[in-house]
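Protein chains in written order, with our numbering: chain A, 1 to 784; chain F, 1 to 266.
Be aware that a few hints might be false.
Claimed, not checked - Simulated pairs of lysine to aspartate or glutamate, EDC-like, Cα-Cα distance not exceeding 16 Å:
1) F:K39 <-> A:E130
2) A:K597 <-> A:E577
3) A:K275 <-> A:E212
4) A:K570 <-> A:D536
5) A:K122 <-> F:D197
6) F:K39 <-> A:E619
7) A:K122 <-> A:D65
8) A:K721 <-> A:D429
9) F:K39 <-> A:E214
10) A:K319 <-> A:E304
11) F:K39 <-> F:E3
12) A:K570 <-> A:E619
13) A:K274 <-> A:E214
14) F:K221 <-> F:D237
15) F:K39 <-> A:E212
Rather than coming from a laboratory, the hints here were simulated on the basis of the structure.
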Amino acid sequence: MGVEGIGASVVRKEDRRFITGRGRYVDDIKVLGLTHAHFIRSPHAHAKVKSIDASAAKEMPGVVDVLTGQQIVDDKVGNLICGWAVSSKDGTPMKMGAWPAMAPDTVRFVGQAVAVVIAETKNQARDAAEAVVVTYEELPAAAHIKAAIAKGAPQLHPEAPGNVVYDWALGDEKAVNDAFAKAANVVSLELVNNRLVPNAMEPRAAIAEYNEAEEHFTLHTTSQNPHVARLVLSAFYNIAPEHKLRVVAPDVGGGFGSKIFIYPEEMVALWASKKVRRPVKWTGDRTEAFLTDAHGRDHISHAEMAFDANNKILALRVKTHANFGAYMSLFSSSVPTYLYATLLSGQYNIPAIYAEVMGVYTNTTPVDAYRGAGRPEASYLLERLMETAARQLKVDPAELRRKNFITQFPHQTPVIMAYDVGDFGASLDAAMKAIDYAGFPARKAKAKSEGRLRGIGFSCYIEACGIAPSKAVGSLGAGVGLWESAEVRVNPVGTIEVLTGSHSHGQGHETTFAQLVAGRLGISVDQVQIVHGDTDKVQFGMGTYGSRSAAVGMSAIFKAMEKIEAKAKKIAAHQLEASVEDIVIENGEFKVTGTDKSIALPMVALAAYTAHNLPDGMEPGLKEGAFYDPTNFTFPAGAYICEIEVDAGTGKTHFVNFVAADDFGQLINPMIVEGQVHGGLAQGIGQAILEGAVYDDSGQLVTASFMDYTMPRADDLPSFKLSHTTTLCPGNPLGVKGCGEAGAIGSSAAVINAITDAIGHNKLEMPATPDRVWHAIQLQQAAE
Amino acid sequence: MYETTYHRPASVAEAAALFAKGADAKYLAGGHTLIPVMKQRLAAPSDVIDLCRIKELVGIEATADALIIKAATPYYDITQSAAAKRAIPAIVHLTSMLGDPAVRYRGTIGGSIANNDPAADYPAAVLALGATVMTNKRLIPADEFFKGLFSTALAEDEIITAVSFPIPAKAAYSKMRHPASRFALTGVFVVKTKAGDVRVAATGASQDGVMRVPAIEAALKANWSAGALDGINISADGLMADIHGSSDYRANLIKVMAQRAVAEAG
Numbered sequence: 001m002g003v004e005g006i007g008a009s010v011v012r013k014e015d016r017r018f019i020t021g022r023g024r025y026v027d028d029i030k031v032l033g034l035t036h037a038h039f040i041r042s043p044h045a046h047a048k049v050k051s052i053d054a055s056a057a058k059e060m061p062g063v064v065d066v067l068t069g070q071q072i073v074d075d076k077v078g079n080l081i082c083g084w085a086v087s088s089k090d091g092t093p094m095k096m097g098a099w100p101a102m103a104p105d106t107v108r109f110v111g112q113a114v115a116v117v118i119a120e121t122k123n124q125a126r127d128a129a130e131a132v133v134v135t136y137e138e139l140p141a142a143a144h145i146k147a148a149i150a151k152g153a154p155q156l157h158p159e160a161p162g163n164v165v166y167d168w169a170l171g172d173e174k175a176v177n178d179a180f181a182k183a184a185n186v187v188s189l190e191l192v193n194n195r196l197v198p199n200a201m202e203p204r205a206a207i208a209e210y211n212e213a214e215e216h217f218t219l220h221t222t223s224q225n226p227h228v229a230r231l232v233l234s235a236f237y238n239i240a241p242e243h244k245l246r247v248v249a250p251d252v253g254g255g256f257g258s259k260i261f262i263y264p265e266e267m268v269a270l271w272a273s274k275k276v277r278r279p280v281k282w283t284g285d286r287t288e289a290f291l292t293d294a295h296g297r298d299h300i301s302h303a304e305m306a307f308d309a310n311n312k313i314l315a316l317r318v319k320t321h322a323n324f325g326a327y328m329s330l331f332s333s334s335v336p337t338y339l340y341a342t343l344l345s346g347q348y349n350i351p352a353i354y355a356e357v358m359g360v361y362t363n364t365t366p367v368d369a370y371r372g373a374g375r376p377e378a379s380y381l382l383e384r385l386m387e388t389a390a391r392q393l394k395v396d397p398a399e400l401r402r403k404n405f406i407t408q409f410p411h412q413t414p415v416i417m418a419y420d421v422g423d424f425g426a427s428l429d430a431a432m433k434a435i436d437y438a439g440f441p442a443r444k445a446k447a448k449s450e451g452r453l454r455g456i457g458f459s460c461y462i463e464a465c466g467i468a469p470s471k472a473v474g475s476l477g478a479g480v481g482l483w484e485s486a487e488v489r490v491n492p493v494g495t496i497e498v499l500t501g502s503h504s505h506g507q508g509h510e511t512t513f514a515q516l517v518a519g520r521l522g523i524s525v526d527q528v529q530i531v532h533g534d535t536d537k538v539q540f541g542m543g544t545y546g547s548r549s550a551a552v553g554m555s556a557i558f559k560a561m562e563k564i565e566a567k568a569k570k571i572a573a574h575q576l577e578a579s580v581e582d583i584v585i586e587n588g589e590f591k592v593t594g595t596d597k598s599i600a601l602p603m604v605a606l607a608a609y610t611a612h613n614l615p616d617g618m619e620p621g622l623k624e625g626a627f628y629d630p631t632n633f634t635f636p637a638g639a640y641i642c643e644i645e646v647d648a649g650t651g652k653t654h655f656v657n658f659v660a661a662d663d664f665g666q667l668i669n670p671m672i673v674e675g676q677v678h679g680g681l682a683q684g685i686g687q688a689i690l691e692g693a694v695y696d697d698s699g700q701l702v703t704a705s706f707m708d709y710t711m712p713r714a715d716d717l718p719s720f721k722l723s724h725t726t727t728l729c730p731g732n733p734l735g736v737k738g739c740g741e742a743g744a745i746g747s748s749a750a751v752i753n754a755i756t757d758a759i760g761h762n763k764l765e766m767p768a769t770p771d772r773v774w775h776a777i778q779l780q781q782a783a784e
Numbered sequence: 001m002y003e004t005t006y007h008r009p010a011s012v013a014e015a016a017a018l019f020a021k022g023a024d025a026k027y028l029a030g031g032h033t034l035i036p037v038m039k040q041r042l043a044a045p046s047d048v049i050d051l052c053r054i055k056e057l058v059g060i061e062a063t064a065d066a067l068i069i070k071a072a073t074p075y076y077d078i079t080q081s082a083a084a085k086r087a088i089p090a091i092v093h094l095t096s097m098l099g100d101p102a103v104r105y106r107g108t109i110g111g112s113i114a115n116n117d118p119a120a121d122y123p124a125a126v127l128a129l130g131a132t133v134m135t136n137k138r139l140i141p142a143d144e145f146f147k148g149l150f151s152t153a154l155a156e157d158e159i160i161t162a163v164s165f166p167i168p169a170k171a172a173y174s175k176m177r178h179p180a181s182r183f184a185l186t187g188v189f190v191v192k193t194k195a196g197d198v199r200v201a202a203t204g205a206s207q208d209g210v211m212r213v214p215a216i217e218a219a220l221k222a223n224w225s226a227g228a229l230d231g232i233n234i235s236a237d238g239l240m241a242d243i244h245g246s247s248d249y250r251a252n253l254i255k256v257m258a259q260r261a262v263a264e265a266g
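This is chain A alone, in the form it adopts within the complex (with noise of 0.2 Å):
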């Protein structure tokens, strides 16, 4: 394997365009002819649209049309879709209102849109927009889970009562109740998991052309997966046939989930390119990030943890309330079920689990997956239930985590997940090593003799990625396939293209995925291309999310190729005059083993396509595609530690280290995966101490920008310590688990469990401000 093969430090090579600032971004996107749209949207949570007069609008310079949502819906565009089907507990489907792209007669959420001004200039739209006369008639919101929950409260759907989407369980219910009735210790925790803004850097674009001649629609737009844009555009909302729609996701700057769902403006700038005839751009504002890119996470939790004498786990019984938005976003309905429920049993032998989830809808910004979906909610609760339980039994809470370690595998747990390796107590024993926790007691007693107040907490968290295998998913009610697919093209002078359905938007993989193919050929990876983000291009493709670009994408990269290396290692055996069990492939080179008789790729390459002596009957070119569906989920897992101190005078926490070790399987660019992690870490630390979407009770956001939504920036975050101990996933030929969602799983409850240490009071909710903690610290202190 050469140096620039799979496990080596590859300097990133698309960071030479981003770094001189020559990325293209849709933005950057010039078009001939273009227009621009600027959206209306509405000031109230909850209101009736009594009507909308753009007569003066129209009359204003440069104003193409003003389009409103009785038009998309005369014209019989699609509504928004849900593509996971999941079932309450009593076997009803889960019960979805109606989510036109605009709203034709009730909005539901702050910044819903119910027009759009289509302008030769983005500020002529804008001019104009300020001239649409929109009457509402306001409706009683409902802002929070509670309040939408509450009897008597407003209801935002007919079709869900109570604003109930589903009331779902998982898990065995009596095996639990029966293992909580013979515990000797329970231990209980309320937990809410904040709401987060997702603010990827790049905010959402659209630029979306209609060739009347060819009846053909193009869309460049920031999507984590153009594919299955594609699909769902043609197949639910009527835009065009899949074969006259050509969606192109070029430079994209972060996603971090939020870029997966096929959200109204793209829709709408699509059927306004063919109202207006022209094409369409739009390019959302930061504030218009804020009231519309879907939000993460946002649970109410009721957790409890039975153990038996020995302080082995004998159930864990989970009440969970999840927001879901003012409407059921595309893929919504499975971060607080599948992604969820099924990671509730965390690294631990835990005999029976029972979890029930009620999906509620609220007058708010949809909620859907945010860089871990699920799995954080989950890593969040069964962590701080261990460290809270470790408390109250009074044990070591990293003595408690490994007694109910799970050390064989594979190993099935009660709430469908089998996971198939790993080593637990590895990763614990590398973590503590890293922050020194034999000596954390003598660190903690010399910072209280100097008036400090210091703690250390653990998160050992397990995550399930690679997502996924099709038949699993679509047995559990996703309405896709979750394999990937790949083309290796060589060209005849030797150089390579690698088309993938991943997506890159900032994760690396032109570097990575080329390292594959030049550490299998032994060429350098500038002679390796990725082409990604364009349907016109690739074959298909499901996108990149559920850290599954390497599980997946690259498995289909890996099989693609071993097709290319059959038939390149046939063409050389004749060109060489050798039998085909003879050649190896060294240095770009294809020889015969034994001998000094070789040829070079290049010369493998132009006899395939010059085709003048090939083997007979082979057909010319060395062109090769795959799919790769994967048989099982990839289980990343890993223990961090973070050890900090509290200013009690202030409330504020400061980090005296954070130590993360990881098991991602098999590392492609360690480089890369630092940085990953770093990015994570940055999210989780960020959800515990910094971020946190905040809604008043009439559903204004009034964390709607930087001034307010705490961002985490560079000085609020540690050094992270890093490492990595190893088991290779068995489950795909690379042996790689994934880690782009990592270090925003795991990490939130480390933090939150070291300020609780340090403060020595356990309830305190993220995220942690200096002002939650200082109240947690007085109430403790009223308490001595």
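Got chain A sorted already, so can you dock chain F onto it with the hints?
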């Protein structure tokens, strides 16, 4: 942003004349408030008159008794001024904690106090040090300058030319940053004057903007030490409350920041 006419006068007199001619003119200093508000279309001045290129408004001078900072001097210049560091290091320290590097290259002391944001840092320094605000029309003592949220004694067309700070015996500023905006969640500036008087001002705390804190002043006058404030109880009445700080938390911060400032001042 709506259309506006941008002016770049060369003198204070020219700026004032342009202002008088404009239908709805606004002076522009560092622009950290006016420009975002214009971009959000919440302000639509007919004329924007940029004061930052007026040479007579930029510079720092120190005498034996006073530090004079001209109104359009950017924060960065203040952080680099040897004269300011010698005269009142607490002002340099406060300035170095203001915003971020980009903000400090553009922001000005005149713009900050003319805007009188209730969470801005400079009003605390101006009030605690008993500075004099110098304008193109008159001299305004600090105690008469700040008139509540975003409100000052300045007339509509009046231009701050400089701020004159008396050099104190001791002074320090301590602030708790707002987690999101990095403004002062609460900041306290403590001063012991050469005459032995004590003045303490808190920003970011009161619903009425920057304020003196008489209880702390009295305690420190009796005993200039952090410990002298241990028993002080600051009332939460009239203090701001939001998602980042309740009023009782801010009351606590007034005391804690004052203690830390006194410890810093020595």
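So, going through the hints one by one against the coordinates:
Using a Cα cut-off of 16 Å, the hinted pair K39 (chain F) and E130 (chain A) holds, with the two alpha carbons roughly 15 Å apart. Taken as a hint, the K597 (chain A) and E577 (chain A) pair is honoured in the structure, with Cα atoms around 10 Å apart against an allowance of 16 Å. For the suggested pair K275 (chain A) and E212 (chain A), the alpha carbons sit about 11 Å apart, so the restraint of at most 16 Å is met. At most 16 Å may separate the alpha-carbon atoms for a hinted pair to count; K570 (chain A) and D536 (chain A) exceed this at roughly 31 Å.
Pair hint K122 (chain A) plus D197 (chain F) does not hold up; C-alpha atoms about 58 Å apart against a cutoff of 16 Å. Our distance criterion of 16 Å between C-alpha atoms is broken by K39 (chain F) and E619 (chain A), whose separation comes to about 62 Å. For the suggested pair K122 (chain A) and D65 (chain A), the alpha carbons sit about 13 Å apart, so the restraint of at most 16 Å is met. For a cut-off of 16 Å, the pair hint linking K721 (chain A) to D429 (chain A) stands: about 14 Å separates their Cα positions.
Proposed proximity of K39 (chain F) and E214 (chain A) is contradicted: the alpha carbons are some 41 Å apart, above 16 Å. Distance hint between K319 (chain A) and E304 (chain A) is fulfilled; the C-alpha atoms sit about 9 Å from each other, no more than 16 Å. A hinted pair counts as satisfied when its Cα atoms are at most 16 Å apart, and K39 (chain F) with E3 (chain F) qualifies at roughly 11 Å. The suggested pairing of K570 (chain A) with E619 (chain A) holds, with an alpha-carbon distance near 12 Å, which does not exceed 16 Å.
Annotation: proposed proximity of K274 (chain A) to E214 (chain A) holds, straight-line Cα distance about 12 Å (limit 16 Å). Our distance criterion of 16 Å between C-alpha atoms is broken by K221 (chain F) and D237 (chain F), whose separation comes to about 24 Å. Of the pairs offered as hints, the one joining K39 (chain F) and E212 (chain A) is violated, with about 37 Å between alpha carbons and a cut-off of 16 Å exceeded.
The earlier numbered hints that this structure contradicts are 4, 5, 6, 9, 14, 15.
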